[in-house]
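Taking the hints into account, I'd like the entire structure generated from these sequences.
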Amino acid sequence: MTARILTIKENILGANSEKAEINRKLLDSRHIQMINIMSSPGSGKTSLILRTIDRLRDKFRIAVIEGDIASSIDADKITQQNIPAIQINTGGGCHLDAQMIRKALDALDLDRIDLIFLENVGNLVCPADFDLGAHKNVVILSIPEGDDKPHKYPIMFVEADVVLVNKIDVLPYFDFKLDTFPEIISGLNPSARILSVSAKTGEGMDGWFSWIEETLA
Amino acid sequence: MHEQSIVSSLLTLALENAEKANARKIVGINLVVGDYTGVLEDAVNFYFGFLSKDTIAAGAKIIYTHVAGQLRCRDCDFLFPLQKHEYHCPKCDGRRVEIVGGRELYIETMEVE
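Those protein sequences? They're chains A and B, same order as listed. Numbering-wise (the working numbering), the first sequence opens with residue 68 and increments by one. Numbering-wise (the working numbering), the second sequence opens with residue 22 and increments by one.
It should be emphasised that the hints constitute simulated quantities derived from the structure, not laboratory data. Model, not experiment: these values are computed from the prediction. All C-beta atoms, glycine included, are put in the ideal place defined by N, C-alpha and C.
Which bits of chain B does chain A cover? Going by a derived footprint, with three or more residues having C-beta under 8 angstroms, they are:
#1 24 to 31
#2 37 to 51
#3 103 to 117
In structure tokens:
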């Protein structure tokens, strides 16, 4: 049999992007906004979600999809607040994909939800390449991680609608240059909103809550 | 673990295209990989070896074309390659830089029998 050359020119992650688009359309048909929250491990994703639930639960019906390599520690914290939470364990995988999200959406009562927070696997690299069907991407960078991370992991920040600088309550103990940080982000991604917050003390969180309300308006 | 899921998608895409073309065997895959994807050749080859084992892609050689990170200065429009994670324009020293290349991850062509 003779050899032939086939021209393909198809993206490897194209199938994932198609599934993500189906997820987004499903959510749109139910008037649900899904916000994908990405960051390194330990930068405060769960704390931010818990505080946001506390503040906005009377305004919106909220659900949470928790992505972790293993354990249900984060989902347990959410369900203790009487908020529906679906735990996805990737079993070692470093990111979520659109198919996993579809299964989680099927397990939620979508007729009773306005807003879904999607807590991605803690990782500043891989999650940025996988569209999940969310409407907005939020990246959290915490003060102890340092202000050089956007140039080390730029793709994550390029994809962000909002960059939250978290843990500003510990700013005096670290060399994070909060005054020049917005220039680093806006250089890479001029349309990103940059908000400085402390999910622990509540400082700056009003800006974040307002952004969510604008997004759902 | 990143590569495992990427190789799984790569294999699905390759097998679909081979089937459409009534191919009996995939001999080679020309893969274009942007540096920003962080996809490593050794890891791809490793996962491809066992994931393709019982398919018509078994033994196929993957040929890599790497695409360097490509940046554009938002101030003077100068195009330049990414070097050492530096995001300032070598021409005008501008700090506002757009990533315009290096995120590619696609199969360019395949050799089949």
